[in-house]
Amino acid sequence: MENSEKKKPKLKMAVYWGAACGGCCVSVLDVHEKLFDITELADLVFWPIALDVKYDDVRAMPNGYIDVTLFNGAIRNSENQYMAMLLREKSKILVAYGSCAHLGGIPGLANFTNRDGIFERVYDTSESTVNPEKTRPQLKTQVPEGELHLPYFFDDVLALDQVVCVDYYVPGCPPQTERLVEVFMAIATGATLPSKKTVLGAWDKTQCDECIRTKTDKKTIKEFRRPYEIEDDGETCFLEQGVICMGPATRGGCGYRCIKGNAPCKGCYGPSPDISDPGAKMISSIGTMIDSNDPVEISEIVDQVADPAGTFYRFSLPGSIIRRKIL
Amino acid sequence: MEEPRIGVYVCWCGTNIEKVVDVAEVAKAMEKLPNVVLSKNYKYMCSDPGQDLIIKDIKENNLNRIVVSACSPRIHELTFRKTLEKAGLNPYLLQMANIREHVSWVHDDKKAATDKAKSLVAAAVTRVNHHEELQKRTVDINPATLIIGGGIAGLTAALEIADAGKKVFLLEKTNHLGGVVAGIDQSFPYFDSAQQIIQQFIKRIKQHENVEVLLNTKAENITGYVGNFKMPLPMLGIDAELEFGNIIVATGLKPYDPSAIREYGYGYLPNVITSLEFEKMLMSGKIETKDGKTPEDILIIHCVGSRNKNCHEYCSRTCCMTALKFATQLRSALPKANIYQAYADMRSFGKDCEELYLKASQKDIMFLMYDQQKYLPEIRRAPNREKCEMLVEIEEILSGDMVEVPADLVILMTAMEAHEDVKDVARTVGVSLCGNDFFIERHPKLDPVATTTDGVFIAGTCQAPKDIPDSVAQAKAAAARVLSSIDVGQVEIEVTTAFTNEDLCCGCQTCISVCPYKAIGFNEENRVSVVNEILCKGCGTCSSACPTGAIRTRHFTDKQIMSQIEGMLSMTKRKSKKTELEV
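Chains A and B, in that order, give the protein sequences. Residues 10 to 336, numbered by the numbering used here, are exactly what the first sequence covers, in order. Residues -7 to 575, numbered by the numbering used here, are exactly what the second sequence covers, in order.
No lab work stands behind these hints: they were computed from the structure. Please note that the accuracy of each hint is not assured.
Rough simulated footprint, nothing fancy, chain B against chain A, three-plus residues with beta-carbon under 8 Å [stated by the list, open to error]: (1) 101 to 114; (2) 205 to 217; (3) 223 to 231.
When the alpha-carbon atoms are kept at most 25 Å apart in a straight line, the in silico PhoX-like pairs for lysine-lysine are as follows [stated by the list, open to error]: (4) A:Lys19 / A:Lys143; (5) A:Lys21 / A:Lys231; (6) B:Lys24 / B:Lys103; (7) B:Lys351 / B:Lys222; (8) A:Lys227 / B:Lys24; (9) B:Lys103 / B:Lys159; (10) B:Lys551 / A:Lys231; (11) B:Lys510 / A:Lys227; (12) B:Lys529 / B:Lys222; (13) B:Lys103 / B:Lys11; (14) B:Lys78 / B:Lys48; (15) A:Lys334 / B:Lys437; (16) B:Lys222 / B:Lys468; (17) B:Lys35 / B:Lys437; (18) B:Lys301 / B:Lys366; (19) A:Lys206 / B:Lys551; (20) B:Lys272 / B:Lys103; (21) A:Lys205 / B:Lys437.
Every residue, glycine too, gets a C-beta built ideally from N, C-alpha and C.
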């Protein structure tokens, strides 16, 4: 048994980042000593955070050379898009790994503005910027050594499956390391994988199913409060304390880590199957909890939600129906 | 699921749709949509040949989805569902697009109307792809009936049903039966005694073995559904409750309080009285002023509280005829008195009513017309030197003169209006009210005593002001509807209900408190919400409240609604802005 496994050719695996914070790559490193189990079964052929493999090396690989690519990060510029397309071509299985690749993630909140808006803020108006010439990044720059190139910065941030076909999704910001190991082992050991386009490493049921806080049907909200504004007893459902918790609309699988840490769920594991727009779903749900029939009072209560867009669409704006703010 | 094979039928509705919408073009545009096998237009889809066309096409072309683009589904959805059933298809594989009320009746630009019709029909086509077969369900009907209101309508309906051998619970919130009619002397146009009619009814009701009268009882906390309603009776004990299968709402109306109209001085001029107060006077047999004098000059003012935007905009329907009845009764009682009628428009429709007008006008009665939108007659106390009690200034519009009428007695023909507590009744029986707080019938012409809530019927003036014959006719119609449902014994209930996908339900319980029908319970063992599909009316509130997408409403799933929106937008030509990715 052991012999036959050894004879089996090792998997070729790649990890790449698009518009990402690096946390997903770190979550891969977080497998700690299990990394040895992984390297036992797989060769890492491309992983910019850890290995010095150049884009040219990837270009030189035959199509379908890589067995599994974990692509984290959203698509924000032409380089992200190019690499997504290149890795799609070179990989048998392409996994959208983490919230950004899954639905757009935190970088996706940039869809509330556009390229010009972001450049103006970053290169002109931010408090620490002095730029009287209004210098902007140039796509091409001549230097003595030759011509330097920068990728083109898009107006929109996109989820990975909005530019290439994706085989599986592993949600999370970042994905829970145990889930990654489970998914990897399933692929590596040749277990029967679920049908394409499935979300792996997360449950169909949402956080409340696991969450041990006490839940009743008394979800009536007179006042929205932020976590620091309540004296949390550590036991009562956050929503029943007036704190917006994305738990009911967010897949389980993370082990409700935030809630265990006495913070409401932010929604990084994304919606359960069949929900086309997680933010809209949660807004619709919260709407039924508002305890008033008076239009004026209702709008006063609604106004108490600090940053509604960032609350309900924190990880999912590009992947939602609304996709972006129309400018 | 088998591959959808869709047939699209665009109706002309004679010229109703066809004169504004290019029906042939709409039908042609649908041919290009995925899964559409055939698309036709026809003059009257609802006619027998129209329905036969659908049946023939289903059989010959193996169609398994049908779109009828015609009038409102409220009118003909049932018709076409039956058509599908006749052809052997599940009736829920139909979708209608309303291109009459929503298009041809409200637009006149043919090009734009045709484009809009295309969008609506395309939406129906894309939606019908996702329709699922739904199975009909039936429940037994409890043969007892609850009647709310002990006025002429409630009494009539109660007798009608009780005489047929079925149990009736008659609820009356006051301590006596008879309603408004019990306060009326004679009725128009034949001057027969309203008292005789109503007292006879009351006597029979009280003695009837099938009628249980509950006085001083309001309709409250009714639960259940068609065939199986319940209402607790806390005053009779904790567990006491009524069980019944149908409800007839006959809560009536109340007279308008005219003290709000400054010009009439009702409340501080002692000899300004309302029509119902005058009825009392007639019943007592003594027509006199507050001082006990026989009035010499009597003025009757019409439209008090009716047909004016400051009060009620509607016509109360019975006051003109009652005013003519009063004038006729006054003439017989006081042959020498001067009788004046200040009217706005004389409305004497109805059998033998115009004749009553003619007869009254030959009885030496002065008719003065006033513009009740502009200048109301103004009543003031007469100075001591005058013989009369009051002087009334009226701008008489036929002569154009300002006239001053002496009056010892002024009778205000007060409007009828909804009771203050009608909203509570409406809530407990689950029926909507119109802007004037009258109960809304299911269809004004085709289903005038039913409501959109199955098992709840309406009769009498709670639906709109009406006279005794109309109230009685409605009460008998409602009773007939109830009796026929008892006779059938079973009723089909809503199949487009909500249901929980227990594999997704996370047990957050958001849905439970939002359900207006108390149809959702929590299964503590499995930690999931469970919908009682008999109580569920398919309103969809829980589906939109459910944050996990575990609760769905049949026939209104997210997929069906989203595909409908996509279909609608697919017909809209927009200037495509090239994204940077395409550059």
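For this session: State the violated hints by number, sorted upward, taking the hints as numbered earlier in the document.
Result: 1, 4, 5, 7, 8, 9, 10, 15, 20 and 21
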